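Here's the letter readout for the chains.
2 protein chains.
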Amino acid sequence: MSKQITIIGAGLVGSLLAALLGKRGYQVNVYERRADIRNANISAGKSINMACSTRGWKALDLVGAGDKVRKAAIAMNGRMMHGIDESLTFQPYGKENEAIYSISRAGLNQILIDHADEYENVNFQFEHKCIDIDLDRTIASFELNDNETKYVESDLIFGTDGAFSAVRSVMQKLKHFNFSQEYISHDYKELSIEAKNGEFQMEKHALHIWPRGSHMLIALPNPDGSFTCTLFLPYEGENSFEKLNNESEIEAFFKSKFPDAFKLIPNLIELFNENPTSPLVIIKCFPWSYKGKVTLIGDASHGIVPFYGQGMNAGFEDVSILNELMDQHGDNWIELFQEFENSRKPDADAIADLALKNFIEMRDLVGQEWFLKRKKIERALYETFPERFIPQYSMVSFTNTPYSEAVRKGNQQDLILDELVNKEDILDIIERGDFKSFVETNHMIPN
Amino acid sequence: MSKQITIIGAGLVGSLLAALLGKRGYQVNVYERRADIRNANISAGKSINMACSTRGWKALDLVGAGDKVRKAAIAMNGRMMHGIDESLTFQPYGKENEAIYSISRAGLNQILIDHADEYENVNFQFEHKCIDIDLDRTIASFELNDNETKYVESDLIFGTDGAFSAVRSVMQKLKHFNFSQEYISHDYKELSIEAKNGEFQMEKHALHIWPRGSHMLIALPNPDGSFTCTLFLPYEGENSFEKLNNESEIEAFFKSKFPDAFKLIPNLIELFNENPTSPLVIIKCFPWSYKGKVTLIGDASHGIVPFYGQGMNAGFEDVSILNELMDQHGDNWIELFQEFENSRKPDADAIADLALKNFIEMRDLVGQEWFLKRKKIERALYETFPERFIPQYSMVSFTNTPYSEAVRKGNQQDLILDELVNKEDILDIIERGDFKSFVETNHMIPN
Numbered sequence: 003m004s005k006q007i008t009i010i011g012a013g014l015v016g017s018l019l020a021a022l023l024g025k026r027g028y029q030v031n032v033y034e035r036r037a038d039i040r041n042a043n044i045s046a047g048k049s050i051n052m053a054c055s056t057r058g059w060k061a062l063d064l065v066g067a068g069d070k071v072r073k074a075a076i077a078m079n080g081r082m083m084h085g086i087d088e089s090l091t092f093q094p095y096g097k098e099n100e101a102i103y104s105i106s107r108a109g110l111n112q113i114l115i116d117h118a119d120e121y122e123n124v125n126f127q128f129e130h131k132c133i134d135i136d137l138d139r140t141i142a143s144f145e146l147n148d149n150e151t152k153y154v155e156s157d158l159i160f161g162t163d164g165a166f167s168a169v170r171s172v173m174q175k176l177k178h179f180n181f182s183q184e185y186i187s188h189d190y191k192e193l194s195i196e197a198k199n200g201e202f203q204m205e206k207h208a209l210h211i212w213p214r215g216s217h218m219l220i221a222l223p224n225p226d227g228s229f230t231c232t233l234f235l236p237y238e239g240e241n242s243f244e245k246l247n248n249e250s251e252i253e254a255f256f257k258s259k260f261p262d263a264f265k266l267i268p269n270l271i272e273l274f275n276e277n278p279t280s281p282l283v284i285i286k287c288f289p290w291s292y293k294g295k296v297t298l299i300g301d302a303s304h305g306i307v308p309f310y311g312q313g314m315n316a317g318f319e320d321v322s323i324l325n326e327l328m329d330q331h332g333d334n335w336i337e338l339f340q341e342f343e344n345s346r347k348p349d350a351d352a353i354a355d356l357a358l359k360n361f362i363e364m365r366d367l368v369g370q371e372w373f374l375k376r377k378k379i380e381r382a383l384y385e386t387f388p389e390r391f392i393p394q395y396s397m398v399s400f401t402n403t404p405y406s407e408a409v410r411k412g413n414q415q416d417l418i419l420d421e422l423v424n425k426e427d428i429l430d431i432i433e434r435g436d437f438k439s440f441v442e443t444n445h446m447i448p449n
Numbered sequence: 003m004s005k006q007i008t009i010i011g012a013g014l015v016g017s018l019l020a021a022l023l024g025k026r027g028y029q030v031n032v033y034e035r036r037a038d039i040r041n042a043n044i045s046a047g048k049s050i051n052m053a054c055s056t057r058g059w060k061a062l063d064l065v066g067a068g069d070k071v072r073k074a075a076i077a078m079n080g081r082m083m084h085g086i087d088e089s090l091t092f093q094p095y096g097k098e099n100e101a102i103y104s105i106s107r108a109g110l111n112q113i114l115i116d117h118a119d120e121y122e123n124v125n126f127q128f129e130h131k132c133i134d135i136d137l138d139r140t141i142a143s144f145e146l147n148d149n150e151t152k153y154v155e156s157d158l159i160f161g162t163d164g165a166f167s168a169v170r171s172v173m174q175k176l177k178h179f180n181f182s183q184e185y186i187s188h189d190y191k192e193l194s195i196e197a198k199n200g201e202f203q204m205e206k207h208a209l210h211i212w213p214r215g216s217h218m219l220i221a222l223p224n225p226d227g228s229f230t231c232t233l234f235l236p237y238e239g240e241n242s243f244e245k246l247n248n249e250s251e252i253e254a255f256f257k258s259k260f261p262d263a264f265k266l267i268p269n270l271i272e273l274f275n276e277n278p279t280s281p282l283v284i285i286k287c288f289p290w291s292y293k294g295k296v297t298l299i300g301d302a303s304h305g306i307v308p309f310y311g312q313g314m315n316a317g318f319e320d321v322s323i324l325n326e327l328m329d330q331h332g333d334n335w336i337e338l339f340q341e342f343e344n345s346r347k348p349d350a351d352a353i354a355d356l357a358l359k360n361f362i363e364m365r366d367l368v369g370q371e372w373f374l375k376r377k378k379i380e381r382a383l384y385e386t387f388p389e390r391f392i393p394q395y396s397m398v399s400f401t402n403t404p405y406s407e408a409v410r411k412g413n414q415q416d417l418i419l420d421e422l423v424n425k426e427d428i429l430d431i432i433e434r435g436d437f438k439s440f441v442e443t444n445h446m447i448p449n
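Read top to bottom, the protein sequences are chains A and B. Be aware that the first sequence starts at 3, since it is given in my numbering, and climbs by one per residue. Be aware that the second sequence starts at 3, since it is given in my numbering, and climbs by one per residue.
Bear in mind the hints are in silico, worked out from the structure with no lab data behind them. Computed from a predicted structure; not experimentally measured. Treat the hints with caution; some may be incorrect.
[To be verified] With a straight-line cut-off of 27 Å between C-alpha atoms, the simulated DSS-like cross-links for lysine-lysine are:
| no. | chain 1 | residue 1 | chain 2 | residue 2 |
| --- | --- | --- | --- | --- |
| 1 | B | Lys5 | B | Lys295 |
| 2 | B | Lys245 | A | Lys152 |
| 3 | B | Lys191 | A | Lys175 |
| 4 | B | Lys175 | A | Lys177 |
| 5 | A | Lys175 | B | Lys152 |
| 6 | A | Lys293 | A | Lys25 |
| 7 | A | Lys5 | A | Lys152 |
| 8 | A | Lys347 | B | Lys375 |
| 9 | B | Lys293 | A | Lys191 |
| 10 | A | Lys347 | B | Lys175 |
| 11 | A | Lys286 | A | Lys60 |
| 12 | B | Lys177 | A | Lys175 |
| 13 | B | Lys375 | A | Lys286 |
| 14 | B | Lys5 | A | Lys191 |
| 15 | A | Lys131 | B | Lys175 |
| 16 | B | Lys97 | B | Lys378 |
| 17 | A | Lys175 | B | Lys286 |
| 18 | B | Lys97 | B | Lys438 |
| 19 | B | Lys131 | B | Lys295 |
| 20 | B | Lys5 | A | Lys175 |
| 21 | A | Lys245 | B | Lys177 |
| 22 | A | Lys259 | A | Lys245 |
| 23 | A | Lys245 | B | Lys293 |
| 24 | B | Lys295 | B | Lys152 |
| 25 | B | Lys5 | A | Lys245 |
| 26 | A | Lys175 | B | Lys359 |
| 27 | A | Lys359 | B | Lys265 |
| 28 | A | Lys177 | B | Lys295 |
| 29 | B | Lys295 | B | Lys347 |
| 30 | B | Lys347 | B | Lys293 |
| 31 | A | Lys359 | B | Lys347 |
| 32 | B | Lys438 | A | Lys359 |
| 33 | A | Lys293 | B | Lys245 |
[Unchecked claim] Beta-carbon label-pair distances, calculated as ranges:
| no. | chain 1 | residue 1 | chain 2 | residue 2 | range |
| --- | --- | --- | --- | --- | --- |
| 34 | B | Gly27 | A | Phe264 | 50 to 60 Å |
| 35 | A | Ser216 | B | Asp148 | 53 to 63 Å |
| 36 | A | Asn424 | B | Asn344 | 34 to 44 Å |
| 37 | A | Glu88 | B | Asn344 | 37 to 47 Å |
| 38 | B | Arg410 | A | Ser187 | 21 to 31 Å |
| 39 | A | Lys5 | B | Asn344 | 13 to 23 Å |
| 40 | B | Pro348 | A | Pro225 | 43 to 53 Å |
Idealized CB from N, CA, C, for every residue including glycine.
Construct all of the structure, not just a fragment, from the sequences and the given hints.
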């Protein structure tokens, strides 16, 4: 008889996993706390946008959902920095055809649930709030909307219920379960720039950034011509959410900090007051599984900050890796989950660190001259030595290189870049076409 | 009207705090999950022993309980290391009259509950398990033994319910509440060496250590002539609890690793099988308080490993510091709790690190020649420059120097000791009486 599998959480990772396990022939029941997102009326401008990149596409294609998602996604080929003087600077993410893809969370989630739901052996149940798990007997308890409790027994339980995972909160009571939740100093708030006569009001194929040192605004495009904006501010202190308490404070802040964006958001006050201010948390734990019976994947085991655009991609990569391990281990779930958590943990920690580091890059460094110079040198190295120098951002976003390896190689690259950026005439050398011989003569590139 | 205060947890810190708040005239209700420890029949040999030092005594004296505790405590003037060849090496903790004091947890807890209970305005209720807190309304919910739920409203709630705090688990759901639980690789198990004809079978005034590199056994004296022993082993891998599964494995392990102790524990197998194997966890969180209404103190906010003998002392010091802040802030609890957590957090983190570091010292370094040489030099520095060089262990155990300052000064001392320990003839110099001039000539001591 085929194994019965319970998935708790029908978010992005849960519904993708459901499709994979459905495809592999398991009996899959997915339980979700919220109502069916497919029936909810969610306007594009009010849902967070994701940036899908190579790791994400690999997993989506694995379950055959890639093309459905591509139709709803918009390529972003680089960053568009908005200066405080309303100047624009574009910096490409990678080579000419490389891009990360903007897609709304709600839209993507709907596609994935629909996709998994096509399998007869996959079944979704909404408005089921997980309130307890009997780990040894793999029995999950759910509270339904009528306050009834439902008990579901199965062979395996996957906790894909996100950063505030109910499954993990049960595992947290286990002896030897290491866990941390760490909030960063910034909260965020969604805003939006609407389309004008159905047209985009800014460059469509870019991720827009207003880098202001201690804080920033970003905007990602939607197919309807709008942009989903996210404002990141400290929750207390200078230039913080705590300091924006009324119409005039909010307006004055936007006018002085993001003058061009301010003109594009006529309903700023309304959006600011209606949309919640939400915290940003980093989740780490170990082990991720219990006796081959229960495991956590995605944000439930490794929740990160959004600044590398890798949270979803990392969760989707979990699914690709699980797929490979299922090929190797068959139904030996104890071995499979242990190999998964042991091999994956260093990569999860690596992308957690990179994401935090990238916050400083996005909110501060991209607005600085020397940093853009450094990026130009990095780009020249990539173009001159495409096999020997792949920039860290490209490794993370456009390859499936393990995150921990991208960190190691990035550290080596930093040493080279530190040296090159200090050569005053380096940009001239690049422009003259002497870069290759300069770098080789000075033994500045790893083999 | 006097403030109503709820204390959750009648352990060591909870009952000491109850005495302090009772003395200050508050209406105090203490709720404890377990039965009244004063009625429980606990033999000394089966409860963990604490090592009370200066910070502990300061707080005990503050509430007038010091002399009651002194009568039940035994001075330990130093470490007695037991070699694998049954050799003994004694290393004093401090100056001649300096000692840390062995006392059973249960005995101390009984004294403190009795002491607090003498105040008419302090009331203890046992078998009340905290199951929820309404933080904003300061209402605590308790499950009683008959499965009834009791709701208690008060002005202030103190969570003194230890490393697995129920109060903290409610606060963990708050936005911006940082939290981590980290288990170390070792578990522990209590054992005991009984008295023989009412006499101690080893040196009474010492903390006995069998340092074996990756693991260790320790023993602390009790007034009845027995020693409470604790075995610290990794929970898996080589020389671990996982590997000791039957009589012959346990006996062979003890015979080869702790030959002299083995002869003194005739009921080893019985004790080993009866006593639980328990984990060791480090707890960190922040903030510790909520809106001047609820705060965590002791292990609930900063649980540490036992290897510096400072867990209880740090919790008791929390009470001393709260007392000083109550003098300063009166009933402004928001300010008081914020000042408490902001000033105390660096010290809590410092002792957490020191305690972990001391595990390596106890299980490994104290068994090594060069380390004992280093300790002799440290002692010589202390004796020669008593004002300018107070060893870190003495600062932590025999003064009220903030833990974070002890870390800073300890790091400076390490540099000096690193240098001196490499002088081959340094012990000769000390013996010849030339140490003072040698150190001064070489400018090796801070002013």
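Q.
Are any of the numbered hints broken by this structure? If so, which, sorted upward?
A. 2, 8, 13, 14, 20, 25, 27, 28, 32, 39
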